[in-house]
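K.L.:
Chains A and B, in that order, are what the protein sequence lines are.
Numbering-wise, this note's numbering puts 107 at position 103 of the first sequence, and it's gapless, one number per residue.
Numbering-wise, this note's numbering puts 233 at position 236 of the second sequence, and it's gapless, one number per residue.
For the record, the hints were derived by calculation from the structure and aren't laboratory data.
There's no promise every hint is true.
[What the hints assert, rightly or not] Pair ranges (Cβ atoms, derived):
no.: 1; chain 1: A; residue 1: Pro64; chain 2: B; residue 2: Glu335; range: 44 to 50 Å
no.: 2; chain 1: A; residue 1: Arg98; chain 2: B; residue 2: His378; range: 22 to 28 Å
no.: 3; chain 1: B; residue 1: Thr71; chain 2: A; residue 2: Leu89; range: 16 to 22 Å
no.: 4; chain 1: B; residue 1: Ala402; chain 2: A; residue 2: Gly62; range: 57 to 63 Å
no.: 5; chain 1: A; residue 1: Gly113; chain 2: B; residue 2: Pro302; range: 15 to 21 Å
no.: 6; chain 1: B; residue 1: Arg311; chain 2: A; residue 2: Asp145; range: 44 to 50 Å
no.: 7; chain 1: B; residue 1: Glu335; chain 2: A; residue 2: Arg98; range: 16 to 22 Å
no.: 8; chain 1: B; residue 1: Pro302; chain 2: A; residue 2: Arg98; range: 16 to 22 Å
no.: 9; chain 1: A; residue 1: Asp41; chain 2: B; residue 2: Ala199; range: 16 to 22 Å
no.: 10; chain 1: A; residue 1: Gly113; chain 2: B; residue 2: Val288; range: 51 to 57 Å
no.: 11; chain 1: A; residue 1: Pro64; chain 2: B; residue 2: Asp124; range: 42 to 48 Å
no.: 12; chain 1: B; residue 1: Asp124; chain 2: A; residue 2: Ser73; range: 16 to 22 Å
no.: 13; chain 1: B; residue 1: Leu380; chain 2: A; residue 2: Gly113; range: 40 to 46 Å
A virtual CB, placed ideally from N, CA and C, is assigned to each residue, including glycine.
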Amino acid sequence: MARRTFKVMLLAGMLLLAASASLAEVVVVANARSGIDRLTRDEVVNIFLGRYRQLSSGLPAIPVDLPASDAGKASFYRLLVGKDLSDLNAYWARLVFSGRTAPPRQSNGEDDLLRFVAENPGAVGYLERSRVDSRVRIVFDFGS
Amino acid sequence: MANDNPTGRVGRAVQGAPRRSPTRKGTGSFRLRLACCLAAAVLGAPGAFAATDEGALPGLSLRGFGTLGLARTTTDQAEFVRDLSQPGGVQRDWSPKIDSILGVQANYLVGDQLEAVVQAVSRYRSDGSFRPEVSWAFLKYDPNPQFSWRVGRLGTEFYMLADSRLVGYSYLPIRPPGDYFGTLPFTYIDGADVAVTAPFAAGLVRGKLFAGVSRESAPVDNRQFDLNGSQMQGGHLDYQQGSWLWRLGYAQLRFEHELPPVADLRSVLLGPGLPASARAVADALATAGTVSRFHSAGMSYDRGPLQLQLMASRTTHEAGIYQDTNAGYLIAAYRVNEFTPYVGRSWARSKARSLPSSGVGELDALVAASQARTHTDQFTHFLGVRWDFRRDMALKAQVDFIRGAPSSVYPFQWVTPAYDGRMNVYSLSLDFVF
Chain A
5 MARRTFKVML LAGMLLLAAS ASLAEVVVVA NARSGIDRLT RDEVVNIFLG
55 RYRQLSSGLP AIPVDLPASD AGKASFYRLL VGKDLSDLNA YWARLVFSGR
105 TAPPRQSNGE DDLLRFVAEN PGAVGYLERS RVDSRVRIVF DFGS
Chain B
-2 MANDNPTGRV GRAVQGAPRR SPTRKGTGSF RLRLACCLAA AVLGAPGAFA
48 ATDEGALPGL SLRGFGTLGL ARTTTDQAEF VRDLSQPGGV QRDWSPKIDS
98 ILGVQANYLV GDQLEAVVQA VSRYRSDGSF RPEVSWAFLK YDPNPQFSWR
148 VGRLGTEFYM LADSRLVGYS YLPIRPPGDY FGTLPFTYID GADVAVTAPF
198 AAGLVRGKLF AGVSRESAPV DNRQFDLNGS QMQGGHLDYQ QGSWLWRLGY
248 AQLRFEHELP PVADLRSVLL GPGLPASARA VADALATAGT VSRFHSAGMS
298 YDRGPLQLQL MASRTTHEAG IYQDTNAGYL IAAYRVNEFT PYVGRSWARS
348 KARSLPSSGV GELDALVAAS QARTHTDQFT HFLGVRWDFR RDMALKAQVD
398 FIRGAPSSVY PFQWVTPAYD GRMNVYSLSL DFVF
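Required output: the full structure, derived from the provided sequences and hints.
P.N.:
Next up, the structure:
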């Protein structure tokens, strides 16, 4: 009985996960010459939260954000670390005003972000899967 | 450990009961009004903090932070301070004095690897004014993602989060827990530090070493304890994995100068005609040339809406005037939409060093009374809520229930003999960044 309950819960959890992934089709992209095929979730967290910004190919990672007005930014961080943008703001206030790491540079929108990632070998960004084109490579998605 | 900090008002017993200087109380208020006006001007033109707007000069960014605070307590028998760098604090009347802060910071990128940072802060200072001072001014050199070097005036990360104590927007409570951080009057050193980060196992290891000299001073009764020239060194080791962060830290401080009340006491103990044992006591009390050591361990868990923090410290002193102290705190918070309620407990307990007898009974009593001025034995339960009501701003409300022995006087200023060791502190704040 207990085992069956567990299985049902597991299945429900997986369905929920799948549902949340399909709602927000945000994917992480890197430059085609970055020398990497995939990033792990921990690596994405380290890059975007400024903990450790190096790709496994040795290139320094340069994260780039969507503007805060873009719903994609809020959805990316909610999926990645379960945090609201105001939580992230507080996090960055601590790092910036103690003179440590800078937040990701901010793009003006998805076009600007795509251009930046395409032009900088270490750049890492995120956007709607439907906006990805051949200039960049998908290195992480939340469905996987 | 944060607790027994080397700068407190240790020796006030030497001069008998402390008397507040009659001029002190009014001095801060004009400056405070000035700071508040500045803050109001800033609030009128909120920018986007996390956005790196690049204006006329590429690579230059200007940012700021601030707090408008109000606090009061339930007693007039002691003045509650944010930390012992403040010469006075709040009593039963609401006051903006202890928590209100305004800071501005300029970052200038000189190429990809070199950055210049200057930060100036106006807050209630050890001299009772709100005169702005340069809190950081350093060059940062990041040759690669593993190493980061800084040289200049730096924040001291004595304990986890200690280098962002002034940025209320960056943390949950109104102010860093007083039992843990309140006896630390150090904000910065002139020196250098190096940080190293590397992947290890499934997480990240980060180590940091720093060294420098203090330029600050701390109020002791109506005088100043000069920390200028005191050498500080330390380091810490972090391990971060997923939602967990673990930290071990160590720092030490070698006092350059004598604590003013100890200087007075020593001149008595070293007077003519006293036995050699009195000289031994005088030497055991001295601060100049002695080392205080700060050991700490911390843990935080941060996942989605849940945040937990636990820190503990032990401070030991070579100077007999100070008391070795154990301190710690625990905070738990859970975010619900724009509101983050939190609860916590902090504590600090110190023990006086037993010193040999001076051979003169009256002098022994004087020494014991001076040591009693650095005693702490209390805990605090606090609860509050942070409301992120709009971008880059938060409102907070908090109640602290401080429960201690009547002898627990060190974390406060201007304690009278009638203080019973108990007070509640009610606080409100508006924190912002821009």
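K.L.:
Determine for every hint whether it applies to the structure shown.
P.N.:
Each hint, compared with the structure:
no., hint, verdict
1, A:Pro64 x B:Glu335: 44 to 50 Å, "violated (36 Å)"
2, A:Arg98 x B:His378: 22 to 28 Å, "holds (25 Å)"
3, B:Thr71 x A:Leu89: 16 to 22 Å, "violated (38 Å)"
4, B:Ala402 x A:Gly62: 57 to 63 Å, "holds (58 Å)"
5, A:Gly113 x B:Pro302: 15 to 21 Å, "violated (29 Å)"
6, B:Arg311 x A:Asp145: 44 to 50 Å, "holds (47 Å)"
7, B:Glu335 x A:Arg98: 16 to 22 Å, "holds (20 Å)"
8, B:Pro302 x A:Arg98: 16 to 22 Å, "holds (18 Å)"
9, A:Asp41 x B:Ala199: 16 to 22 Å, "holds (20 Å)"
10, A:Gly113 x B:Val288: 51 to 57 Å, "holds (56 Å)"
11, A:Pro64 x B:Asp124: 42 to 48 Å, "holds (44 Å)"
12, B:Asp124 x A:Ser73: 16 to 22 Å, "violated (45 Å)"
13, B:Leu380 x A:Gly113: 40 to 46 Å, "holds (42 Å)"
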